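Protein chains in written order, with the numbering used here: chain L, 1 to 313; chain D, 1 to 485; chain A, 1 to 522; chain P, 1 to 303.
If you are wondering where the hints come from, they were derived from the structure by calculation, not from laboratory data.
As the structure is a prediction and not an experimental result, all values here were calculated from the model.
Positions of the beta carbon are idealized from the N, C-alpha and C atoms, including for glycine.
Fair warning: there could be bad hints in the mix.
To be verified - Which chain P residues face chain A? A few, computed with CB under 8 Å, are given here:
#1 Pro45
#2 Gly64
#3 Gly67
#4 Gln189
#5 Glu193
#6 Asp194
#7 Ser205
#8 His213
#9 His216
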Amino acid sequence: MGRYIAKRLGMMLVLLIGMTFIVFGSLHLASGDPAQMVAGASATEEDIAAVRTSLGLDQPFWVQYGRYLKRLVTVDLGMSYTTRQPISQEIAIRLPFTINLACAAIILAIVIGIPLGVLTAIKRDTFVDNLLTTTSLVGISIPNFWLGTMLMLVFSVRLGWFPSGGMTEFFWTPLGLRQVILPALALSTASIASFMRIGRSAMLEVLQSDYIRTARAKGLGKASVIFIHALKNAMIPLLTQFGTSFGALLGGAIVTEQVFVINGVGTYLVNAINTRNYPVVQSTVLVIAALFILVNLAVDLTYCVVDPRIKYE
Amino acid sequence: ASDAGMFQVVITDNFSGMDPLRTNDRASTYVNAQIYETLYFINREGDIVPLLAAELPSFSEDGKTVTIKLRDGVLFHDGTPFNAEAVKYTFELIKDPDFGSARASLTASMDTIETVDDLTLKIGLKYEDGVLTAKLAHTNSAIVSPTAQSNQDLMIDPCGTGPYKFVSSVSGSNVVLTRFDDYWGDKPAIKDVTMTVILEEATALARLETGEADFIPSLSVEALPRVQFMQGVTLANHDSAQIYYVALRPNSFVNPLMANKDFRTAIIKSLDKESYVNFVLEGHATVAKSVIGPRVFGYTEAAEAADIGFDLEGAKKLIQDNGWADEEIHFLVPTSAVYTPMGEFFQANMKAAGFNNVKMEMIDWSAWLTESKTDDRFDVTLAAWSKVTRDGTELLEPNWHSQVSARNKINNDAFDQLVYDSKTTVVAEKRVAALEKANMMLMQEAYAAPVFNNENNFAYNSVKYKNVDLTADGSFYIKEFEPVD
Amino acid sequence: MTATPMITLNKLKKTFPVPGSGRIRAVEDVSLTIYKGEKLGVVGESGCGKSTLGRVILQLYRQTSGACVYYGKTLQEVNPRYLGREVKKLPIYQRRAKQYYQKSLQVDLKARARRMRMDEVSVRANASEERRYHRYSKKADMLAFRAKELRKDASRQLREGSRTVGSLILTRDLPEVCRLYKKARLALKEAHLAYEELIRQGKLLSGGTSNDTSQAIEEQLKAHMADAAAAINEAETYKHQNISEITERCFDPAYWARLDGNQETGINLGKLTGREMRGLRRDMQVIFQDPAASLDPRESIGKAVEEPFRIHTKLGKKERKERTLALLQEVGLKPEHYDYYPHQLSGGQKQRAGIARAIALKPRFVVLDESISALDVSVQAQILQLLNTLQEQYGLTYFFITHNLGVVKHFCDRVMVMYLGGVCETAPVERLFKNPLHPYTVSLLASVPKPQVPDGEMADAPLTGEVPSALNPPSGCAFHTRCPKAMPVCASEKPLPVIAAPGHSVACHLYQADKQTETSHA
Amino acid sequence: MTSQATSIKHPGAVSAAFQKLLKNKLATVCFFVLIVLIILVAAAPLVTPYLPEDTDVTSRLAPGFWGKWSKNPADVMKVKADHPLGTDHLGRDMLSRLLYGGRTSLLVGLVSTGMGLFWGVIFGMLAGFYKRLDNIIMRFMDLLFTFPGILLAMLIVAMLGASTFNSTLAISIWSIPSFARMVRSRVLQIREEDYVMAVRSLGASDWRILFHHVFHNTLPIIIVVATMRMGSSLISISTLSYLGMGVPAPAPEWGGLIATGKNYLWQRPSLIVIPGLAVVITVICFNILGDKLRDILDPSLKD
Ligand SMILES: Nc1ncnc2c1ncn2[C@@H]1O[C@H](COP(=O)(O)OP(=O)(O)OP(=O)(O)O)[C@@H](O)[C@H]1O
Ligand SMILES: Nc1ncnc2c1ncn2[C@@H]1O[C@H](COP(=O)(O)OP(=O)(O)OP(=O)(O)O)[C@@H](O)[C@H]1O
Ligand SMILES: [Mg+2]
Ligand SMILES: [Mg+2]
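Chain L extracted, bound-state conformation:
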């Protein structure tokens, strides 16, 4: 198990470093002169040259990359071109909202997805099963920015049930819950479909197991026991799906935040891309991807607890 953990950690480190390289390298190639951006619109050639030297932009690529890594280690993500603020601070303010949204969405996905999956398994090959299975395909086919707008149109504009956007509190407060429900719903459709599939296959397995046969033979059919048994069965795929879904939700949150005007890292990133605020783009992408890697690491490590086989690997 120790080796397993060490291997995972090493892998994560390699991925993180590879990622910094991709992010740094790709924006290094980007058009536009960062020195010009920093120096401002009215800067002269000399100003720009001075900025370039002071930022080390005249150094060879590897030196710059090395410095970049060094700064990253101290959680120094640089300065935003537009606000001249440390990016790490700006991200720290916004990240909680993005995570709030992603978490709410994943909870929604689990809470809706798995029971529906179990239902389809119990009603296997009936109309209900076919309908729900096909509907789950619809779930992954709707662009979430559009769904978000539609939800907003219906539930906040027409019906006025929920606020039409913004996020000021976390989802466990009453206000936060009202704020998060529409964006989380818009965001989670694809994940609901995935969790539904897991619920379905886990339940099918349970229904075919000896345990159920004996239970049936004995004449019991305690729904809750079956359900818990199914959940146990679904633990590993559930965890895996949790990892991948979380990534998908983080990615989707970038767009959903735009629709619902949530001041999260997604909005921050999109603005930065539009204003060519490269340091911000760089850091935001890095933070989102690193978060994803960390969540997957956590998932991997949880396997150790859940799946006894891994201990012996």
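Using the hints provided, position chains D, A and P with the ligands relative to the given structure of chain L.
For chains D, A and P with the ligands alone, kept in the frame of chain L given last:
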């Protein structure tokens, strides 16, 4: 957030920071106008009145020395006193090329700045400056506290003399202000203010509708039909000094033909600005025929004769005669609720006139600000001008003077001279004459085509607040607003 | 059987890694010579490594160690690149051998020192002394073991070197030898070019009759070959002279002979590059055990059988099809099968398609991996007849893997019996059936169901018990767990093959030390 | 199940699968919807007389045919027979914008799927076939996979600038890893098949084995994955356009139409509902087709 006493302002533009000397975007101006003050102020009638100054400036015989008396008993938010030192410090900061002022030209005419006594300032000028007083009313020349400026980053931690002082902010997203109790003037009626940035106008409107927002200072035309029917919301407009124009770059590296006046004329003739204003803007603006608009110093009706105007047949003929149909025109359009449809519409216009190869490029507005100044970036672009100073020289000089403007690059000596003439005298008639000529030259030479003079549309919660209004340049002063009862 | 060897296997070994639990030893130290034109039957229980051996010979699996040398083509025809590399490496082999050996001597010294100390300690014996004694003894054993390993390493180096130059690897004048071999190689290269040119012309000019240019080339070829031979001859003069003192055995003529025996005059398949091996593939074919799996499901039979023509010849489309149809007919398929896909054929038909594909280019050596087991009896006979005819026509060599001892009896010339990856017994067919020596062979023959059982033959018990796992085969003789005649030595020591009679070798302790036992069985 | 599983093991599999597909009502509907859509989009000039950029501001924001039944008399008056889906804020015909926009969307989807497929298949085949390359290629793919959702595409657009080509490129790069993974796992299986060894024993070069045998046998899975990927590529391009990083205005694209339509959500919700429905329906059709194809071609993929 439904704090009863909190006045909720929703801004639909990107907000960059709270240093008045370094920010020039609309959202920042909205915020900074509450926190900082200038020496002079242009009121709704267009008259310049003293604000932090005690009286209007007195010029010497030759007009090259100006003495300014300051108001007594003014305090900065950090408790330091406002005095001649502070003004001198601020102006020198603006002058300092290393500082990176948003509008260094505000102090361009100042040669020496001396403090005569604690409340008197003597400024030596390089030339007789007709725009000086107006410039001192510009938010970018707001007076900052020297101690605060040198000790903290005003971008995130502002400190001025204004009626409101800074409480907290979430970078780029909202700013909370509260009444400054040691304010020298009348105390504002509204105590607490939150200004929130919501870029999606639809969402902003939803907030207004649900009462989560009290005031939106600028609304796009698209929003108006919706706001009209909102309960308890008053929609108002105010004609403004803002001018939208099409800028043509005569020495573009993209298409060298831009140097040809007829080519530019053909472009301008193809633009159907009347239809644009009447239909797309649904009449919520007036068609502009002069670069210097009616609400700006330097406007004359005579200048409107120089406007080339929409002439589809003329444009077609020019294009056909010269075989310009396939000439590439690089049309750079900043993305915004106003510019995007305008760009699309004008591109369709140019196409209808026979330009088959108009390459329209959409670019974020703040990126446009920097990139449009680079050389081989565009042939034609859209731009707007709006200044607190509402002075024609202030419009022409930064945008077209060959020494100052990097964007439009007309490099026309005669024009430069006219602009120079317009600013180096305090005699109003002389200034107007020079500005008229320069204005006409811009239009005749097809360097620029005025499109429309904007109306500022704004909406507020009239159940809770009254006296809500904008100034002609579109900004507002919350200290004038009052709660109902 | 006056025979020229076709393929020799030297301590061929193949293991498969099994994730988590070590390695399966599918083929263990198989040494064997396959002669030109013979039909070698290979028998053994399921899983004993027959298929694997066949595939390793054809380099479909790369061997884990050992050598597989092919004599079906001459060196100048192939001119493999590894020769040059090997020649260049000769001094390295020599140097490394020396280093290993020197090191082993040092380790030996240390071991001896330990042992001396141990002896001192052993005189007195209280508890702590005893512990020290054990420590020394353990250490000494370890050192001795290391010395042995190092010496093995040294001789491994020499063995590798000897594959190219035989006992010349021992000479002090190795640089000179290398130079000469390099010269020979360059000549070979020229010869190879000339040979290829000849082939090309032979193909281009129908009938391949020699004209002036090709005669000139032939002459060049001869000249280059002569050059190469001369260079090698000159190198040979260094043989057994000026021997470098690498190991203690260097001056032993018996060792020289062994090293000379290692020298490969054929082509070591394991060292060929993929491209070179591809060139040889048309000579060496395989017909797979599972006909369904060995045909690409998405390729028609015609296409599959045509594939060799596409790969190795420049025949036109029409010609290819003609030949293919002829081939199909030859193996008993109908022309309409040309457009069939594998799933539309019966098992036997698929097998025939596989056979057709393998013999398409008239190979010299064919591995038949239970290729006719799936056929019905009449067709089996037909195919065997066909294989016989082909062999007579083209002098083919067969490596005939089967479970059907009857077929072996009638079809093969020689039989090899395998058990758990190793060779138990190799013998001419009549001899093996008349006089099986290895207990395993005896049981195997006894297991064949016979229509009537003659009374006297019930003495041999048929095979019983489970086949041990190839993951950790039994120590010593692999068969000892099931052997009716197992002796204590069988469990501890691996029997070496011994020549029981001309052409008959057997690996069993029964015949190891004492050859008289051989007769007892008969 | 087993009969299905074996049914893919022959060459007519794809056409046979297609026949089977048409036995499924839902799949048939989807198939024909897509066919109709492609025909409409390809024949756009015949369907509508307007070009997508033709402005007519006098009839801006006209409602579509449904306006006839509107309770609002102003809307009823605005209905124009020749704008069956109404017009946008510049008076451009929505039908033509929808159809020409569909051209862009489908084309970008197709090209990006194709490009992603091309490289994904190459990387997947190399990784699956050569153990030496496996690690390096797949680790790189893992790396690309660590950018969740559309983030990688956004990074690429941020780097290259927004344009139709760049967004196509971004989406295709983004889809390479999932193709590569799928193909690799299939190739790993195929590589161990006897027929691959048989062909090798004939002396076939690796290239021949890879492209004549391995590739052919990965085809079913490639078809399935590509069909489903078409759906996600379409979503991606419309998302990028919505964010202003995809197809630049004024060229119509479904996501871009939604983005502009959003400004008129209250006056003319159809401006956003219609292009949205177009995206959803198209993507659903691709996904359902892919799903059914998977059931038929590769039942092992079904959980
Ligand atoms: N590709 C492989 N990977 C791992 N192990 C293998 C592989 N191929 C064969 N083996 C193992 O090697 C051993 C020998 O297998 P092989 O196929 O050579 O047997 P065989 O003698 O041909 O048997 P049969 O008569 O049943 O065909 C077996 O234990 C088998 O499990
Ligand atoms: N799917 C198919 N399509 C067309 N022809 C087929 C198909 N399957 C079998 N055939 C033909 O039907 C005949 C009988 O095939 P079948 O597989 O039943 O033979 P079999 O009796 O099992 O023979 P074998 O002993 O060789 O396995 C063969 O000629 C074969 O080519
Ligand atoms: Mg076998
Ligand atoms: Mg059969």
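Hint check results:
no., hint, result
1, Pro45, "violated, 41 Å"
2, Gly64, "violated, 49 Å"
3, Gly67, "violated, 55 Å"
4, Gln189, "violated, 12 Å"
5, Glu193, "holds, 6 Å"
6, Asp194, "holds, 4 Å"
7, Ser205, "holds, 6 Å"
8, His213, "holds, 5 Å"
9, His216, "holds, 5 Å"
The structure shown violates the earlier hints numbered 1, 2, 3 and 4.
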